[in-house]
Amino acid sequence: MTHSLHRRGTAESLSEDYVMLCLPAIGINDEGHDQKLQEFLRITLRHDPVNIGAITLGNMYSHKTEEVVNAAHGIVHAVFVKQDDVTEVLKELDKANLGMSVVVSGIFEKVDECCEKAGLKHHTANFSLGIWGRTEKLPSDDILEVTTMCGHAMISANLVKDMVREIKAGTKTPEEAAKVLAPQCACGIFNPVRAAKLLAAMAAKES
Amino acid sequence: MRIDPEVCIACEACIPYCPMEAISIKDDVAVIDQDECVDCAVCLKSGVCPVDCIIFEPAPWPRSLRTTFSDPRTEHKETRIAGRGTEEMKTNDVTGRFKRGWVGLGCEFGRPGVGTRFRDVDKVAQVLAKHGVIFEAKNPVTILMEDTKTGKLKEEVLNEKVLSAIIECMFPIEKFKEVISALREVAKEIDTVMSVECINRADPDGSYPLRKMLDEMGIPYYINGKQNVGLGRPLAEV
Numbered sequence: 054m055t056h057s058l059h060r061r062g063t064a065e066s067l068s069e070d071y072v073m074l075c076l077p078a079i080g081i082n083d084e085g086h087d088q089k090l091q092e093f094l095r096i097t098l099r100h101d102p103v104n105i106g107a108i109t110l111g112n113m114y115s116h117k118t119e120e121v122v123n124a125a126h127g128i129v130h131a132v133f134v135k136q137d138d139v140t141e142v143l144k145e146l147d148k149a150n151l152g153m154s155v156v157v158s159g160i161f162e163k164v165d166e167c168c169e170k171a172g173l174k175h176h177t178a179n180f181s182l183g184i185w186g187r188t189e190k191l192p193s194d195d196i197l198e199v200t201t202m203c204g205h206a207m208i209s210a211n212l213v214k215d216m217v218r219e220i221k222a223g224t225k226t227p228e229e230a231a232k233v234l235a236p237q238c239a240c241g242i243f244n245p246v247r248a249a250k251l252l253a254a255m256a257a258k259e260s
Numbered sequence: 004m005r006i007d008p009e010v011c012i013a014c015e016a017c018i019p020y021c022p023m024e025a026i027s028i029k030d031d032v033a034v035i036d037q038d039e040c041v042d043c044a045v046c047l048k049s050g051v052c053p054v055d056c057i058i059f060e061p062a063p064w065p066r067s068l069r070t071t072f073s074d075p076r077t078e079h080k081e082t083r084i085a086g087r088g089t090e091e092m093k094t095n096d097v098t099g100r101f102k103r104g105w106v107g108l109g110c111e112f113g114r115p116g117v118g119t120r121f122r123d124v125d126k127v128a129q130v131l132a133k134h135g136v137i138f139e140a141k142n143p144v145t146i147l148m149e150d151t152k153t154g155k156l157k158e159e160v161l162n163e164k165v166l167s168a169i170i171e172c173m174f175p176i177e178k179f180k181e182v183i184s185a186l187r188e189v190a191k192e193i194d195t196v197m198s199v200e201c202i203n204r205a206d207p208d209g210s211y212p213l214r215k216m217l218d219e220m221g222i223p224y225y226i227n228g229k230q231n232v233g234l235g236r237p238l239a240e241v
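Taken in order, these protein sequences are the chains called A and B.
Residues 54 to 260 (our numbering) are what the first sequence spells out, left to right.
Residues 4 to 241 (our numbering) are what the second sequence spells out, left to right.
Just so you know, not all the hints are guaranteed correct.
Capping the alpha-carbon separation at 25 angstroms, the derived lysine to any residue pairs in SDA-like fashion look like this [claimed, not checked]:
hint	chain 1	residue 1	chain 2	residue 2
1	A	K190	B	V34
2	A	K174	B	V34
3	B	K178	B	E159
4	A	K190	B	P207
5	A	K232	B	A44
6	A	K170	B	K152
7	A	K190	A	K174
8	A	K190	B	R122
9	A	K190	A	D165
10	B	K215	A	K89
11	B	K48	A	T226
12	A	K117	B	A44
13	A	K258	A	S66
14	A	K163	B	D206
15	B	K191	A	P192
16	B	K152	B	K191
17	B	K102	B	A140
18	B	K102	A	G172
19	B	K180	B	Y224
20	B	K157	B	T195
21	A	K170	B	R214
22	B	K29	B	V51
23	A	K225	A	H175
24	A	K89	B	E78
It is worth saying that the hints were derived from the structure and are not from the lab.
Turn these sequences into a full structure, and let the hints guide you.
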């Protein structure tokens, strides 16, 4: 389950894209973990997440926020666009001492800055070596920047193309188009704020 | 997945939602190409069909693998984890699965958005096995192997198509160059894409020995990635 790895984009765009995961280790500290994951989500909600999700239910674009919190089980997620928000969440998590594992996805050096300010040290890293094999089967890079924000590939390239067409036609704003895509990513790791910017850029390029 | 032809009004609303482009209009109704469909249920769960004519019926083995590997909302019975992989490095602070001096390798076939048959997974797993990697026992692909010493997958699963499937394994860091070189060669023989990842435990000074090795070998890696920040308890000794 590497769903928050392999997100593609420029440094500028990725600097507004942080995913936080919280989960227990099955068989070690998973007893009564649902309440701890709920507390994780409540902490994130105090710091302006652009998405939260619980795999058992969905995300804040497909369900009410409190429903997502109450459904916490197994693993939960939150997405942020600001580095400072990630730092503040890490500080609160350290104080809360939930005992759950926490993973932050984002540009390595920026996540390290967050950890340092929060008094934490990174433990283990997961590096993406990119896409190998028949890469000619892939859609264009700008489409991939949107679709790879759902690591389970629940957002199709054709749906992204449809949204770009709608933006160009004036039937949807970029923000509205991003909110059509967001519910498809069941985990809630899709970043609709970043997606709106990417979709707007695609529409402008094709005009 | 299938569409009830008696109910479908051929509005085409479901077509762009399919990650595998398996839905088309034939004879004035939408139909799903059963060979290409990975039973991910994106079309159904999007709620886009105005007449509710998209139907999911659990499939028998081995087609049942399509759903368990393609729909992240489905929990694997064997691993108790939803999705295609395991906790891997996400809980390494507690499990100690990846120790210093070791590298975790993940090859996720079909990602992003291309899909894969298990025959491509089988091809790469057998090459990795020859280089002595240790396959992750809890990974759903490992569970499909006839023998983890050879990496060979069960014959009956090879033609099944899924949105993605991931091989997870580990080996001592000294073998990294050898394993990556072999992976590069076999990647030329697969009929899909694979997203490749590596896992490494930080040294006490915070550096990642693997990053240094990647830089020295000239292997490109993304500027972004995942980091476990060490908040899990009890902490494992690694």
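If any of the earlier hints don't hold here, list their numbers in rising order.
Of the numbered hints, 2, 3, 4, 6, 7, 9, 10, 23 do not hold.
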